[in-house]
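Protein chains: 2
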Amino acid sequence: MSDMNGTGWALAKRPVGMPEMDDFKTVNVSAPAPKEGEIQVRNSWMSVDPYMRGRMYDRESYVPPFQIGELLTGGAVGHVQASAHPDYSEGDLIVSMAGWRDVWTGKPQENMVNKVPQTGLPESALLGIAGMPGLTAYAGILRVADLKEGDTVFVSGAAGAVGSTVVQIAKIKNCTVIGSAGGSEKCNLVKELGADHVIDYKAHDSYEALLGALKKAAPKGIDVYFDNVGGDHLQAAIECARPMGRFAICGMISQYNATDVQPGPNNIIQVVGKQLTLKGFIVSTYADMQPQFLKDMATWIQNGDMKFEETVMEGIEMAPEAFLGLFQGRNKGKMLVKLA
Amino acid sequence: MSDMNGTGWALAKRPVGMPEMDDFKTVNVSAPAPKEGEIQVRNSWMSVDPYMRGRMYDRESYVPPFQIGELLTGGAVGHVQASAHPDYSEGDLIVSMAGWRDVWTGKPQENMVNKVPQTGLPESALLGIAGMPGLTAYAGILRVADLKEGDTVFVSGAAGAVGSTVVQIAKIKNCTVIGSAGGSEKCNLVKELGADHVIDYKAHDSYEALLGALKKAAPKGIDVYFDNVGGDHLQAAIECARPMGRFAICGMISQYNATDVQPGPNNIIQVVGKQLTLKGFIVSTYADMQPQFLKDMATWIQNGDMKFEETVMEGIEMAPEAFLGLFQGRNKGKMLVKLA
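Each protein sequence line maps, in turn, to chains A and B. To convert, note that position 274 of the first sequence is 686 in our numbering; the numbers rise steadily by one, no gaps. To convert, note that position 186 of the second sequence is 598 in our numbering; the numbers rise steadily by one, no gaps.
Just so you know, the hints here were simulated from the structure itself, not pulled from any lab data. Do not take every clue at face value.
Same chains, same label: a pair holds when it works inside one copy or across any pair of copies.
Capping the alpha-carbon separation at 27 angstroms, the derived lysine-lysine pairs in DSS-like fashion look like this [said to hold, decoys possible]:
(1) 519 with 583
(2) 686 with 425
(3) 425 with 585
(4) 603 with 744
(5) 686 with 560
(6) 447 with 628
(7) 686 with 627
(8) 686 with 707
(9) 583 with 719
Computed from a prediction, not measured in an experiment: that's the story for all the values here.
Please model the entire structure based on the sequences and the hints provided.
What follows is the structure, encoded as structure tokens:
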């Protein structure tokens, strides 16, 4: 057992609007040999996710805000280097919330550590398709949106980590799927994943154009909307919803960096006449679905029904750039940073 | 059996914005002696309801639009004058959708007729507390909003036919209730019905003032919002909602007469982080609750737990004025027209 040193990231200041590189600063990280109850870990992968933007505001939310100068946190995969905890041994593969750094020492329970059994999946999948974004997609489309066979489903952000998984689950359940994404490369990906119709929202850059494209793709309307984007997408989905439509509201990335107040959907009155259900959700509420999720996901991946795309940046020094890339639409599928 | 003649109302033209008297015109109604399968009815009461405004637009909706020059329809209570239908006899008390007229002859099934057993309730109650608005309140608060004992409940339009019933059901279920209404007279009524806090929205005529009043009334936030009003009320409710809050979206009377597009709630992103459910509904979807509703309502009225207020205008010639009164806030409780 020996001390390790490494690098981590903290907020230098709170971003205003779109985050920028100088909102972040590096911090030296020391990962000493573990004391009783601790483990020493070298992270191999870390995750950047849109929800992290919310924690950069100083406001009450479902997760507490990041503090200036303190190490950021997030999903990470790592290997135990040394253990002074009875449940962990050198070489164990773990997922934790101790991301945004390459090495760390600490108590497993303080870092939301889970030991990972052998799954045959690559390690990076534990942060994507078989991790938090995968479960978000699974719980959101199956339970929150109460997906039924034959539904017409609209998914925004369909090339992202969550959206691309939603598209595929809906296809597995024999639904008609319309996915929206920005740019032809991403739209091709969504199409390859099985979507019946793809809308390039960058080629439809007014609300009316987006609405027209959605109406064309779903002339009889949509039963389910899985919202990753908010804004015009949400409004168009309300406009095209069929009676009793179900909306799983997972995120609104179009609004995360807004510095002024964003107007809500101007057609929300349709929620009454169409008897729509709009249901916001956070993946942690659906933790009970985790075992079935892993089982289904393993089967689907094995059968070739579930593909996953990753966009990888290499090295801890790239972490902020990977994060900023989420809001620039630079990722296809899961955005990751490879650390070792 | 003899022919009867009377008066009914039709649209003279489609209202633009707030309806006006000259959007309506009287029509002579003949109610001849019934032919086979028909009944001849004299209406004693008719209902005017906010939802009727929606049917005056020429657009697809959950109920088809009224046609210019054709008799309007709506809830009515009447007495069978003569019957050529085996299930009905002279003197039967019925509810139907053949309102907006004082006499009529027709087939029961074409006019959504239900024969009413002796309930001990006054006839007018069949159009209010024990009728469609009562069931709307009952189904909306108990099933759509999934009310739980101890919830903090916010009800807008709390002095109206539906809202005043919601307030009382929530009090029967041991909830803390905040009701909003316009003007001190209505607010006093809401208080008398048992609301713990009352907000006079006319005395808080900016969004910020309304929000401040709601925060003061519910410093720990609200679990349930029953929306009759939309607009600022909905936005304030989202702002004050606790995690997992449930919204029954029953109507948005603030928007029914709008001639331009109304902005949606600018804080709808909170639906995600707070995991809110916004669920629009129409009473007919919950028809299965009717028997239990009537049972509960009879018990509650008998016990003195459920009071109801009516605002009555007299004579078929007053029907449009009663309807317009709904949007001028002239009703406490159910707005009715007494016909006989």
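Are the CA atoms of residue 603 and residue 744 at most 27 angstroms apart within a copy, between copies, both, or neither? Intra 13 angstroms, inter 56 angstroms, cutoff 27 angstroms: intra-copy only.
For residue 686 vs residue 707, is the C-alpha pair at or below 27 angstroms within one copy, between two copies, both, or neither? neither (36 angstroms within a copy, 29 angstroms between copies)
Up to 27 angstroms CA-CA - residue 627 versus residue 686, copy category: within (17 angstroms within a copy, 31 angstroms between copies)
When Cα atoms must be at most 27 angstroms apart, do residue 447 and residue 628 count as within-copy, between-copy, both, or neither? neither (62 angstroms within a copy, 50 angstroms between copies)
At most 27 angstroms between alpha carbons: which applies to residue 519 and residue 583, within, between, both or neither? Classified as neither; 41 angstroms inside a copy, 48 angstroms across copies.
With 27 angstroms as the alpha-carbon cut-off, assign the pair residue 686 and residue 425 to within, between, both or neither. Answer is between: at 26 angstroms across copies they meet the 27 angstroms cutoff, but 45 angstroms inside does not.
Within, between, both or neither: residue 425, residue 585 at alpha-carbon 27 angstroms: Neither: 45 angstroms inside a chain and 48 angstroms across chains, both beyond 27 angstroms.
Within a copy, between copies, both or neither: which one fits residue 686 and residue 560 at a CA-CA cutoff of 27 angstroms? Both ways: residue 686 and residue 560 sit 18 angstroms apart in one copy and 26 angstroms across, limit 27 angstroms.
Within, between, both or neither: residue 583, residue 719 at alpha-carbon 27 angstroms: Within one copy, since 12 angstroms is at most 27 angstroms while 52 angstroms is not.
Going down the numbered hints, you'll see the structure goes against 1, 3, 6, 8, while the others check out.
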